[in-house]
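Numbered according to this note's numbering, the sequence shown spans residues -2 to 395.
I should point out that these hints are in silico values taken from the structure, not numbers from a laboratory. Ideal Cβ placement from N, Cα and C applies to all residues, glycine included. Do not take every clue at face value.
[Said to hold, decoys possible] Simulated pairs of lysine-lysine, DSS-like, Cα-Cα distance not exceeding 30 Å: (1) Lys315 to Lys301; (2) Lys90 to Lys171; (3) Lys123 to Lys112; (4) Lys269 to Lys247; (5) Lys265 to Lys315; (6) Lys241 to Lys265; (7) Lys90 to Lys40; (8) Lys247 to Lys265; (9) Lys2 to Lys40; (10) Lys228 to Lys265; (11) Lys112 to Lys171; (12) Lys218 to Lys171.
[Said to hold, decoys possible] Cβ pair distances, simulated, as ranges: (13) Thr267 to Ser319: 47 to 57 Å; (14) Lys40 to Arg232: 41 to 51 Å; (15) His190 to Gly332: 45 to 55 Å; (16) Ser174 to Thr338: 44 to 54 Å; (17) Leu382 to Thr116: 53 to 63 Å; (18) Ile143 to Gln76: 41 to 51 Å; (19) Arg128 to Gln302: 29 to 39 Å; (20) Glu1 to Thr264: 50 to 60 Å; (21) Ile143 to Ala94: 20 to 30 Å; (22) Arg126 to Leu382: 44 to 54 Å; (23) Leu176 to Asp7: 19 to 29 Å; (24) Gln16 to Ala78: 19 to 29 Å; (25) Asp209 to Thr(-2): 51 to 61 Å; (26) Pro179 to Ile390: 48 to 58 Å.
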Amino acid sequence: TEAEKQQILDWITPLNFFQRQADILAAWQPGTGQWLLSDAQFKCWESQDQQVLWCRGMPGAGKTVISAMVVNYLQAKFQIADSGVAGIYLNHKETAAQTLVNLLASIWRQLAVGKPLDTSAHALYKHHRQRNTRPSVQEIANILQILIAQRSRVYLVVDALDEYPEQQRWALLKQLSMLLGPTTRLMITSRPHVEFHDIFPDLPVVVIQATDEDILGYIDKQIQLAPRLTKHVHRQPTLREEIKSCITSKVEGMFLLAKLHIGSLSTKTTVKAVRQALQDLPQDLNQTYEEAMERILSQSSDDKQLALQALTWVAYTKRLLSVPELLEALAIEPGASSLDTDNLLDISIVLAACAGLVIVDEEMSVVRLIHYTTQHYFDDIQPILFPDAHQSIAEHCL
-2 TEAEKQQILD
8 WITPLNFFQR
18 QADILAAWQP
28 GTGQWLLSDA
38 QFKCWESQDQ
48 QVLWCRGMPG
58 AGKTVISAMV
68 VNYLQAKFQI
78 ADSGVAGIYL
88 NHKETAAQTL
98 VNLLASIWRQ
108 LAVGKPLDTS
118 AHALYKHHRQ
128 RNTRPSVQEI
138 ANILQILIAQ
148 RSRVYLVVDA
158 LDEYPEQQRW
168 ALLKQLSMLL
178 GPTTRLMITS
188 RPHVEFHDIF
198 PDLPVVVIQA
208 TDEDILGYID
218 KQIQLAPRLT
228 KHVHRQPTLR
238 EEIKSCITSK
248 VEGMFLLAKL
258 HIGSLSTKTT
268 VKAVRQALQD
278 LPQDLNQTYE
288 EAMERILSQS
298 SDDKQLALQA
308 LTWVAYTKRL
318 LSVPELLEAL
328 AIEPGASSLD
338 TDNLLDISIV
348 LAACAGLVIV
358 DEEMSVVRLI
368 HYTTQHYFDD
378 IQPILFPDAH
388 QSIAEHCL
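Start from the sequences and build out the full structure, keeping to the hints where you can.
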């Protein structure tokens, strides 16, 4: 029955990349990234002439959004045919859940949706439910091979391979390589430094870098969504082009930088302040993070304290916190024996105080830093700005 099928789909893996895909696409600016779909290397891969495609790019270049766009494009193109598309989005803070067996199972789950389940999946479910055990990597690989063999074509998209632990990366790539066949294709995105030529020699490479057209379209949309900037450009129409021209020239194809720059400009109270900020825009991520921290430290005493406390919890806990967990942590008062619910904040106030460095990940229902490079930045500045972070977290937990 459909209910039994859903039980098996929910049981086989805790990972839900459907929601992750939806969250990424919600932030996608339609039309951006279209250049990839007409790229010769991509077309060769899509047409099944090339088994593996490596899309590499610098941090913040928009690789994850490109991955989601490709999955969406392929799903729309091949939805009628007996084909399958699956995307997995790797995250350095989710490695505990993103085990090899869970990742393979999540691919199986995505390919199985909307199709009758093979008897092998029912048998595997029954076997382990009776024993209260979990399937092995080999068992999941077996039912995945069976499922792939039943499809006329299968596309697998693996995003952010560089965020997967290096010691486990080889095992993942090996399993993925074993899934490849006449009708199975694999696309991988990562930073340029990742090496996997031993498993996939002679890889065709596409460099992911946002085009000026993509950046301009993104900035236009963000101006419309920022109330202050909307008022400023309405009052001074030439300001829109100034913002677009200046940011595009500074970000060098990095969406993340454009996002942070717009976030910074959106807080300015006058046209003059916007123009001054445009002159001082930093050109790399670390400078941008430093500028965001300067904004945080120059806030009112209450907002500054809130931001520093929130960043302590978000950047230095051993695992990601849910929204309620973070809000409760921030509400704890030293020496209090119980939680005063009147001291609970609204998450929007917390996010505003953190100057765009903290976001809510709807898919995981957690609060996290905006990008993995942001974590590296906070690791670097911990001895200076957050020397007692772990002690503070421990004291609040007592």
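Against the structure, the hints come out as follows:
1. For the hint pairing Lys315 with Lys301, the CA-to-CA distance comes to about 23 Å; that is within 30 Å, so the pair holds.
2. Taken as a hint, the Lys90 and Lys171 pair is honoured in the structure, with Cα atoms around 22 Å apart against an allowance of 30 Å.
3. With a C-alpha separation of about 19 Å, the suggested pair Lys123 and Lys112 falls inside the 30 Å cut-off, and the hint holds.
4. With a CA separation close to 20 Å, the supplied pair Lys269 and Lys247 stays within the 30 Å bound.
5. Taken as a hint, the Lys265 and Lys315 pair is broken in the structure, with Cα atoms around 35 Å apart against an allowance of 30 Å.
6. For the hint linking Lys241 to Lys265, the alpha-carbon distance of about 16 Å falls within 30 Å, and the restraint holds.
7. For the given pair, Lys90 sits about 33 Å from Lys40 by alpha-carbon distance, which is inconsistent with the 30 Å threshold.
8. The straight-line distance between the Cα atoms of Lys247 and Lys265 is roughly 19 Å, inside the 30 Å bound, and the hint therefore holds.
9. A distance of roughly 35 Å separates the Cα atoms of Lys2 and Lys40; the hinted pair therefore is violated under the 30 Å criterion.
10. For the proposed pair Lys228 and Lys265, the alpha carbon gap of about 11 Å is at most 30 Å, so the pair holds.
11. Using a Cα cut-off of 30 Å, the hinted pair Lys112 and Lys171 holds, with the two alpha carbons roughly 27 Å apart.
12. Between Lys218 and Lys171 the CA atoms are separated by roughly 41 Å; this puts the pair beyond 30 Å, and the hint is violated.
13. Range check, Thr267 to Ser319: Cβ separation about 38 Å, and the 47 to 57 Å hint is violated.
14. As the Cβ distance of Lys40 to Arg232 is approximately 46 Å, the hint placing it in 41 to 51 Å holds.
15. For the pair His190 and Gly332, the beta carbons lie near 48 Å from each other, so the given range of 45 to 55 Å is met.
16. Checked against the hint of 44 to 54 Å, the pair Ser174 and Thr338 passes, with Cβ atoms roughly 53 Å apart.
17. The hinted window of 53 to 63 Å between Leu382 and Thr116 holds, with their beta carbons roughly 58 Å apart.
18. At roughly 22 Å, the beta-carbon separation of Ile143 and Gln76 lies outside the given 41 to 51 Å, and the hint is violated.
19. A C-beta distance of roughly 52 Å is found between Arg128 and Gln302, which places it outside the suggested range of 29 to 39 Å.
20. Distance hint check: the CB atoms of Glu1 and Thr264 are about 53 Å apart, consistent with the given range 50 to 60 Å.
21. For Ile143 paired with Ala94, a C-beta distance near 25 Å keeps the hint of 20 to 30 Å intact.
22. The given range of 44 to 54 Å is respected by Arg126 and Leu382, whose C-beta atoms sit roughly 50 Å from each other.
23. For the pair Leu176 and Asp7, the supplied restraint of 19 to 29 Å holds, since their beta-carbon distance comes to about 23 Å.
24. The hinted range of 19 to 29 Å is satisfied by Gln16 and Ala78, whose Cβ atoms lie roughly 25 Å apart.
25. Between Asp209 and Thr(-2) the Cβ separation comes to about 53 Å, which falls inside the hinted range of 51 to 61 Å.
26. Between Pro179 and Ile390 the beta carbons are some 52 Å apart, a value that agrees with the proposed interval 48 to 58 Å.
Checked against the numbered hints given earlier, this structure breaks hints 5, 7, 9, 12, 13, 18, 19; the rest are met.
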